[in-house]
Structure formats: structure tokens, C-alpha cells
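2 protein chains.
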Amino acid sequence: MNRSFARYLPILTWGRAYNRAALTNDVIAAIIVTIMLIPQSLAYALLAGLPPEAGLYASIVPIMLYAVFGTSRALAVGPVAVVSLMTAAALSNIAAQGTMGYAVAALSLAGLSGIILVAMGVFRLGFVANFLSHPVIAGFITASGILIAASQIKHILGVSADGHSLVELIVDLLRHVPQTNPITLAIGLGATAFLFWVRKGLKPLLHRLGLRGTLADVLVKLGPVVVVFATTYLAWAFDLAERGVKIVGAVPQSLPPFTMPSVSPDLIMQLLVPAFLISLIGFVESVSVAQTLAAKKRQRIDPDQELIGLGAANIGAALTGGFPVTGGFSRSVVNFDAGAETPAAGAFTAIGLAIAALVLTPLIYFLPTATLAATIIVAVLSLVDFSILKRSWQFSKADFAAVLATIIITLLAGVEAGVSAGVGLSILLHLYKSSKPHVAEVGRVPGTEHFRNILRHEVITDPHVVTLRLDESLYFANARYLEDKIYDRVARDKAVRHVILLCSAMNDIDLSALESLEMINARLHEMDVRLHLSEVKGPVMDRLMKAHFLSELSGKVFLSQFEAAQFAKGQNAGPLSEAQAERCAT
Amino acid sequence: MNRSFARYLPILTWGRAYNRAALTNDVIAAIIVTIMLIPQSLAYALLAGLPPEAGLYASIVPIMLYAVFGTSRALAVGPVAVVSLMTAAALSNIAAQGTMGYAVAALSLAGLSGIILVAMGVFRLGFVANFLSHPVIAGFITASGILIAASQIKHILGVSADGHSLVELIVDLLRHVPQTNPITLAIGLGATAFLFWVRKGLKPLLHRLGLRGTLADVLVKLGPVVVVFATTYLAWAFDLAERGVKIVGAVPQSLPPFTMPSVSPDLIMQLLVPAFLISLIGFVESVSVAQTLAAKKRQRIDPDQELIGLGAANIGAALTGGFPVTGGFSRSVVNFDAGAETPAAGAFTAIGLAIAALVLTPLIYFLPTATLAATIIVAVLSLVDFSILKRSWQFSKADFAAVLATIIITLLAGVEAGVSAGVGLSILLHLYKSSKPHVAEVGRVPGTEHFRNILRHEVITDPHVVTLRLDESLYFANARYLEDKIYDRVARDKAVRHVILLCSAMNDIDLSALESLEMINARLHEMDVRLHLSEVKGPVMDRLMKAHFLSELSGKVFLSQFEAAQFAKGQNAGPLSEAQAERCAT
Chain A
74 MNRSFARYLP
84 ILTWGRAYNR
94 AALTNDVIAA
104 IIVTIMLIPQ
114 SLAYALLAGL
124 PPEAGLYASI
134 VPIMLYAVFG
144 TSRALAVGPV
154 AVVSLMTAAA
164 LSNIAAQGTM
174 GYAVAALSLA
184 GLSGIILVAM
194 GVFRLGFVAN
204 FLSHPVIAGF
214 ITASGILIAA
224 SQIKHILGVS
234 ADGHSLVELI
244 VDLLRHVPQT
254 NPITLAIGLG
264 ATAFLFWVRK
274 GLKPLLHRLG
284 LRGTLADVLV
294 KLGPVVVVFA
304 TTYLAWAFDL
314 AERGVKIVGA
324 VPQSLPPFTM
334 PSVSPDLIMQ
344 LLVPAFLISL
354 IGFVESVSVA
364 QTLAAKKRQR
374 IDPDQELIGL
384 GAANIGAALT
394 GGFPVTGGFS
404 RSVVNFDAGA
414 ETPAAGAFTA
424 IGLAIAALVL
434 TPLIYFLPTA
444 TLAATIIVAV
454 LSLVDFSILK
464 RSWQFSKADF
474 AAVLATIIIT
484 LLAGVEAGVS
494 AGVGLSILLH
504 LYKSSKPHVA
514 EVGRVPGTEH
524 FRNILRHEVI
534 TDPHVVTLRL
544 DESLYFANAR
554 YLEDKIYDRV
564 ARDKAVRHVI
574 LLCSAMNDID
584 LSALESLEMI
594 NARLHEMDVR
604 LHLSEVKGPV
614 MDRLMKAHFL
624 SELSGKVFLS
634 QFEAAQFAKG
644 QNAGPLSEAQ
654 AERCAT
Chain B
74 MNRSFARYLP
84 ILTWGRAYNR
94 AALTNDVIAA
104 IIVTIMLIPQ
114 SLAYALLAGL
124 PPEAGLYASI
134 VPIMLYAVFG
144 TSRALAVGPV
154 AVVSLMTAAA
164 LSNIAAQGTM
174 GYAVAALSLA
184 GLSGIILVAM
194 GVFRLGFVAN
204 FLSHPVIAGF
214 ITASGILIAA
224 SQIKHILGVS
234 ADGHSLVELI
244 VDLLRHVPQT
254 NPITLAIGLG
264 ATAFLFWVRK
274 GLKPLLHRLG
284 LRGTLADVLV
294 KLGPVVVVFA
304 TTYLAWAFDL
314 AERGVKIVGA
324 VPQSLPPFTM
334 PSVSPDLIMQ
344 LLVPAFLISL
354 IGFVESVSVA
364 QTLAAKKRQR
374 IDPDQELIGL
384 GAANIGAALT
394 GGFPVTGGFS
404 RSVVNFDAGA
414 ETPAAGAFTA
424 IGLAIAALVL
434 TPLIYFLPTA
444 TLAATIIVAV
454 LSLVDFSILK
464 RSWQFSKADF
474 AAVLATIIIT
484 LLAGVEAGVS
494 AGVGLSILLH
504 LYKSSKPHVA
514 EVGRVPGTEH
524 FRNILRHEVI
534 TDPHVVTLRL
544 DESLYFANAR
554 YLEDKIYDRV
564 ARDKAVRHVI
574 LLCSAMNDID
584 LSALESLEMI
594 NARLHEMDVR
604 LHLSEVKGPV
614 MDRLMKAHFL
624 SELSGKVFLS
634 QFEAAQFAKG
644 QNAGPLSEAQ
654 AERCAT
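Listed in order, the protein sequences are those of chains A and B.
Letter by letter, the first sequence follows residues 74 to 659 of the numbering used here.
Letter by letter, the second sequence follows residues 74 to 659 of the numbering used here.
Just so you know, these hints were derived from the structure itself, not from any lab.
You may find that some hints are simply not true.
[As the list claims (entries may be wrong)] Taking beta-carbon pairs under 10 Å as the criterion, some of the chain A residues facing chain B (in silico):
#, residue
1, F200
2, L205
3, Q364
4, K370
5, Q372
6, E531
7, F549
8, K567
9, A586
[Stated by the list, open to error] Dumping the calculated DSS-like pairs for lysine-lysine here, alpha-carbon to alpha-carbon at most 27 Å:
#, chain 1, residue 1, chain 2, residue 2
10, B, K463, B, K509
11, A, K619, B, K509
12, B, K619, A, K509
13, B, K642, B, K567
14, A, K506, B, K506
15, B, K506, B, K558
16, B, K369, A, K642
17, A, K369, B, K509
On a predicted model such as this, the values are computed, not experimentally measured, just so you know.
Glycine included, C-beta positions come from ideal geometry on N, C-alpha and C.
Isolated chain A (complex conformation) (with noise of 0.2 Å):
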């Protein structure tokens, strides 16, 4: 009983142990993360169409629910990029940014998701996620990565313009070109230009300084920060929101709200299929991060319990005023790179952005848009990679097709189309291989008890008696090509009486290949050929015995494939003393 309640809550394990020299490191990882996180939580719900506070607020109960039901010392919950582009393009068709319905509809696609993951967990589907192949994911991030920048353009250039596929997205803004506000524009070509010099050129100066490890990497991943302060200080000094520089404006001063989200039967069904989407995303992401780091110190994270930490962190921002949140690359790294224990150290991030989200709001008024927009751009042109493309290519056509079809229909026609379409090709192409297995005749090599490929090796073989071995477990998809196979073979030589199925890489039956087998014996036995089986392994050997198939069979079962060339070979060279047979038959 306490066993099973400690795994729904991992702070039971950890937090026994907790003593002073964790807390001293947990508490300076927070403050690290809180300083990274203020400028990126501000950004993050930017990109998902809802008030800089919402990103905050994301970032506070979450970070804490997942502390207590997560799984990961080091993995930071929070707003990420490509969630929030899925929120954005989830909620495009039910409100309008900026109203509302839009702001309630956010905290039902979190609620929703938080079910969905909490449900997933309990019930153990976290197998789920797993159809999500590795190369439909690299597309999906990639092609998400340029949708993201694109839609950040217009906040560059002081214009509006919407649309949730690229075409829609580059028409609307050529259209809107000629609105460009200078002075936006040399703010936001100004602080990407500086935020991508910190990516590339500042490591290598620190270096050049003497300044090494952790101070540089986290003095790097400060750069937003740097940007935030400055381009704020310049639209305050200078006035430029009367030049029509947009400014964030005015942030309620307040802990997160308590919140309510909706729950209107309509408003669910249409948010039905983005949050799961969302959550599977979400989870794949933020289990591949939290992994990465746990194998760094020969921890391990459970990822079903990952999904409960996960969906009580959603839940939470349903509550609270925030929007769908997962766990994050960039922070989870700064959080362990800056020596984070346990989850209390994102307890204690939670403790700081609640400390800004009361303080430091006035702070950000001045700060112009296109500052966020430009933090953005910036992290999100790292996710883009087409090097997969390549990679997939030289692999084999089927994945370099899904990861294509991924890419091109998430840029075409939304982040959802694409992720879906992703999956539904991988699953089709890895249906379609497995259904045309290899199928090999075999023959004995010289001198050995081993059968190999007739096509690639010198082998010996019987003009009565052919043995195919199937590469691949036998199942619907697949029984009836075996079949074909073994009637053209039998069809085209009329000299075959045996028919050896060598069943040594068949891991598994179905009731559709056991009525193909059936079928196969039943034909054979009509063209007066004999069908055995060897070297079948336990599992299909408990199933066919199950199904009292060995009692029509026509052959023998033999344990190998040698027994069963021997014993074939001996029926056509006349019949074998009873004994003979007995032996052979094991």
C-alpha cells in the first residue's frame, strides 16, 4: 500500500532525503532558471496569443505540481515553443487573440490536456507516444520552428498578419510590408542580431577570457535577459510607444489567479483532438529531455508516472491563468547544467516568478514586442534541422517519406494536419513492409547442419522438398502473402511433395495466420504435398497447440530445421522404419 502510494508521489522518496546541501544547490539553480525563464515566459505566451502574465503564470503552480508528482530531478515545466504554436493554432478557429473567450478557451485546452495526460498515466497508455517515430518528430520540430519565426516576422516589422500555414502566413505579410514601422524594425533586427551574436559569439569570447563551464553557458542563456533590460530602457527613455512601437503595456501585479475553465460540451469536442496532440507532443518532448538528463546521473525517470507529473502540471495552469506547458528543453538544461537536485529546485523557480509576477510587472511595460518576438526567433531557428531529411534519405525511403510528408503538410496546413499526417504515413509504411516480409528458400550448406538463402549461398537442396523461412512474425497483414508464396512455388514445380516452413524468426501468430496455415496445409494436402514445420519457437508453438492445429497437420513439427530436411528427404527415398521416424520426429 505505501509502496503503490509512494510511485503516484515521488516526493515521498526524494524529499526524505532531502538535507542542507541540496537545498544550498537547489536554490542557486532557481535562481539561475528565474532570471532565463521571466524573459522566455513572456515570449512563450506571446507566441501563444495570450497577455505576457499568462506566460508567468504558466510557469508558477505547474513548476510545483510537477515537483511533487514528476518523476525528473532536473526537468523544468513550463511554456515551450512548439506547444504554445500548437495553442495558438488549436484556439485560431474558436476566439479571437486578445478576447475573453480566446484567454478561457487557453485554460480548457490546458484542463483537457492535464485529463488526458493524468488518464494516460493511470491507464499506462503511455505507449501511446510511442507511435510518434523518432523522424516524423524531427520533421514535425523542424517545420514548427520555421511556422514559429514566420509568425513572429510581423511583430519585427510593427505590422499585423495572421494565418496558421506558411503561404498564409508570407501572403498576409507582404500585404502588410508596406506598414512596417521603422523604428520596431531596428529594435527587433537590433536584438536578434545581438541574440544570435550571444549563441555564436559569445561563448567563444568568454572562452578567449578565461571564463569556462557553467558561468559561460548560463552567462549566454542570460543574453534575453540583457535584451529585455536594454530595448525596455529605450522605449522608456525615448518615448517610443507615442511612435507607434507596440509595448506589452500594463501587467496586473498578482500572484496567478484562480481560474475557471470552460466547460461547454461544444467548446471540448472541438478541443478534443489539439489537446491530445498537445499531450502526446508534450509528453514525447519532455520525456526525451527528462531521460537525456536522468542518464547523466544514472537515474531513471517512470515514464507512465511522467505522464501524471505532466497532466497535474496542465491541470494546474488550467487553474491558475495559463495555457498548455510541458517540460522544456533550454530550461531543464540551464536547471541541471546550474546543479538543480531535486524538484524542489523548480519549487523554488516557481517561488521566484511568483516574486516577479507581484514586483517585477511594472518593470515590463515599456518593454516593446518585438523584443519577444526577436527571443523567440532566435530559440526556435535551433529546433530547425533539415539535416534529418538527409539522414532519413540514406537510411530508407519509407522513413525520409514520412519525415517529408511531415514537413511539408505541418508548413502547409498547420501544426495538426502535420503531426497527424506524420504518424498515419510511419504507421502505413511500417504496416505496408511488414506485410511483404522475406521470404527465403533455404538449403543446407555443405557439410553443416545450416540453412541459407538458395540466391546467396551454395547450397544443397532436394528437388522434392522446398523450405521457405519467413522473416517476420506471421499476422493478417502478412499470412496471406506467405500463402501466395508457397502456391506459386508448389504451382510452378511439380516435383515438390514436402513443404518445410522454417519458423526460427517468427515471434509470433495470429488467428488469421493460424487460419492461412490451415489453408495452406488443407491445399498443399490436395495437390497431395506435405507441409511440416521447424524450429518453432515456444510462444507460436503454444498457440498452434491451443488451436489443435498439429493434429491436421499434414507433416511433422520438428524441433530442427536439419531433423525436418532428414526426415523429408527419407519419406521420398522410400518409407522409414518405424523407429527412424520416431527418432526424427522430436
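Got chain A sorted already, so can you dock chain B onto it with the hints?
Same frame as chain A, now just chain B:
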């Protein structure tokens, strides 16, 4: 060139060897099949909601086109019960039965289905049909049989009733029961009882009279002809139409007319999914019959060419006043049993039916509809077979779930929903199973070089070495499962220094799985654990080499698990000499 031409025109192969003996056999078979087909064709037209002559037309040109393009020597193509039901279901939302629009939609459905079949044949996509698993088909046919029988009860009662799910049908029937026409009911029940007796009682009687073999079988199949004659006579002699008995009425005396299917895009969009499902179901049924008959004579059929043959038949049906057709079980068996040797028997049957359409149609003016309904009911009840439920329950719960869902959804929501749900569920269950493959930790059987599951056998293990055997191909849906298993195992036991992945059951690997292996390798490396592979199959090894995985691998690849274990053991005992290492890492 010539050979590939012959592939698409099987007639060139058998036509060349045609002789007088084959001609005699084919003509005899054709006469028997023609007599049997007349009532069957009329009945299935009724089932599809079309005028009776459509059933004759659908058997004439299609049968001739199949004779040219098909590969089965004995298959008889025409309207069949399940496809006729699916036709009625597909057209029910498009036009009212008896209208011109309905008949045109039926032509379009046949044409579309023909195009789909030919396209699948040309692009060799016959494998798609494999996703209809045996249990799903069995469940679907059983449920369809019930639906068909239920849909005919109204004709037996002489009332009108409608509905495409069982519940709708029964509710509407109950509402109309008070309007039952007693004479119609008497004819319907009498015909049904007689036909049942023919099936169950006549054959034993004939046997007792010394009549056996083909002749007895043919007499039994002619039961419907007798009933048609008898009830037509009764209806004529007693002028039953005047007493409210529905009769077939005037049927045009004509050869199949030339007809044009509609090419309205709206109609085609509506018919696309039903046409696809009808094509699949028709193809699967037809190929299964053709293969059964071909096996009896050790002949072969080519499933991809069968698609072209059936496609041509359906296009023929669309152009000559028919509706969707496929290879029927009972008619093909009669054809085969009656001695048909080549597809020419089909052509002669077509001539016989053409003569019937020209000459015999006035004779069926007085044929009561209830008689046709009785022939349908008796024919389809032989399709109903719930034993698949018991069989699948015993074999595997996944197969059982797929069958049960197919039956229930077909009965409650109609044929299209039923077959789609069955296919979808079997694919999902298959993916689920393969996403949680069997992973066994293995150890060496003392005194041998064999490795077996440590949970099932007394084996030797090494505290520093973990050997895991994955009993499945590694692909996106199960790659992360393996990752989790390995991390769990290694995190649980800090003594582990080597992980050996025994790949003997891994038939294939995709890019996701490769990336998982890379991730496993990298993370184990961080934990100071080396990853080795053993018994990697050729195709998997090719892929690993192409992706340069072997150069990243922290451990080695071994030809046999025994070598791998020896090597890992040596590593723990102390460094191997270079020569030793060389020898082990074959």
C-alpha cells in the same frame, strides 16, 4: 513484350490450348450454372434495391470480361449477397429505390469500384486487402448475413420497411407487421421451408435413392429454380397480384443495354469510400474462392491480375445496366463441380443468360417477390456462423475483440462502419502488441553455448553483464519500450558494466529504432556501461553499417552470443590481449 502482354491477358494462355474436350465440358457446366444463376441474379438485384433485370445484366458482360482478364479457371462472376447489401447501403443516402437516380448511382458505384480495382491491380496494391483479417471478415460476413436476412423479412410479410441497421430494420418491421399480407406470407414461408428442406433434407434423400456426387449436388442447387417455377405458376393461376401479392411485373425483353454511369464529382465523392470498401470485400471473397478452386487442380491464380479481371467485370457492369459484382462462392463451386475447365465456361454462361434476358423474362412477370426473398434468406443464413467468436476467444483476446467489434458495429451501425471498425481495431491491436514486445533477459545454459530466458531456465549469468533478447523487429512503436527496459535494468543494478543486445529475432530496423540504439549507446556510455550487439541479421547489419552506428558503438558486434559473453567476461576479468580481442570481434 509478348510475355508481359500475356500477363494482362490470361486468355492468350489458355485460349491457345483450347480443344473439343474442354469445349464440351465448358458447355455442360455453363448450362447448369445458367439455370442456377437466373433466380439468384433476380434475387440479388432485389437485395441491391434494383429492378430484377439488373441482376441478369450484371451477370452477362462482367462474366465475359472476367473470362478475358481473370486468372481463375472456374470463378463465376456476378452479383453476390454481401456486395449487393453493401450496394444498397451505399445508395440509401443518395437516391430512393426505384428512381432513375438510384439506378445511375448503382452504375457509378460499379464503375468507380472497377476503376479502383484496376488501379490496384496495375499498381500491384492487392496487399491492401490483407488488412482485412480473417476474423474480421468472418465477423463481417456473419453480421451481413443477419442484416440481409432481416432486410428480406418485409418481402415475406408483404409490407414495406426500411433501415440500414438491425435496430432500425426491426423497429420499422414491427410497425408494419399489422399490414402483413397473409397470402404473401404463405408463399414466402412455404418457399423458405421448401428451400431449407432442399438444403438439409433432399441430399440425404437422394443418397438413399442411390444418387450421389455431382448430379445430386446440382439437383440441390436447382431448388430455387423449382420454387421460382412453382410460385410463379401459383401467382399466375390464382391471379395473386389482385390479392395484394407483390410480383416482379414487366421486365424488359432485351440484351443488356448500353448505359452511362454519372461522372458528377459530388456523386463520386459520396461513393468513393463505399466503392473502396466494396472493392476490398469483393476482392477478398473472390480471391479466396478462386484460390480454393485453383488449389484443387494445382493451378495458380495471380491476385494482382485478379484485381484487373474483377475491375474489368465491374466496369462492364457499369456500362451495361448492372451494379457491383464479384466472384461468388456458390456459383463458382457449381461451375467447378459441373466440370468447367476454362473461363470459356463463363462466356457460355453469359450467352445462356443473354438468351434468358431476351426470351425468358416474360415468364417471370408473375414471380412473387416473396419467392426471391426466400431464396436470399436461405442462401445467406449459411453465411451466419458465430463459431468464429468461440474460436477467436480461445485463440487470442485481441482477435476476439476485433471480431466482436465488427459484428456489433455492422449490426448496429451498418456495413461500412462495421468493416471499417474491424480493420481499424485489428491494426491498432496489432500495433499495440508489437509496441510491447517480449524482452527476455538470458543466461547461458551450463555446458552449452545456448542462451535462454533466466526466468524459465537454470542458467549462468555474470553480475557485470546483462544480456537482453528482443523478440521482435525494432521499429518506432517499440524502440522506446526497449530504451525504458534497458535503462530500468541498468539503473536498478549498479554492478552492470556490459549490456549485450541479442538480436537474433530482429528481422528489421527503422530510423527511429536506430536513433534509439544510438541514444541507448550514448546514455549507457555516460553511465560507464558498454553496449554490445550479437547475432545481428544481414539486413539489419547492412542498415547499421550504412548509418555508421558501428563506429559509435561503445562495445562490439559479435557473430554469436557465446563469443559476446566470453568477451564481456574477459573484459571484467582484466584487459584482453590485442590478439584475443581481435579473435573475439569477428
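(request) Return the numbers of the hints above that this structure violates; sort them in rising order. (result) Violated hint (a single one): 6; every other hint is consistent with the structure.
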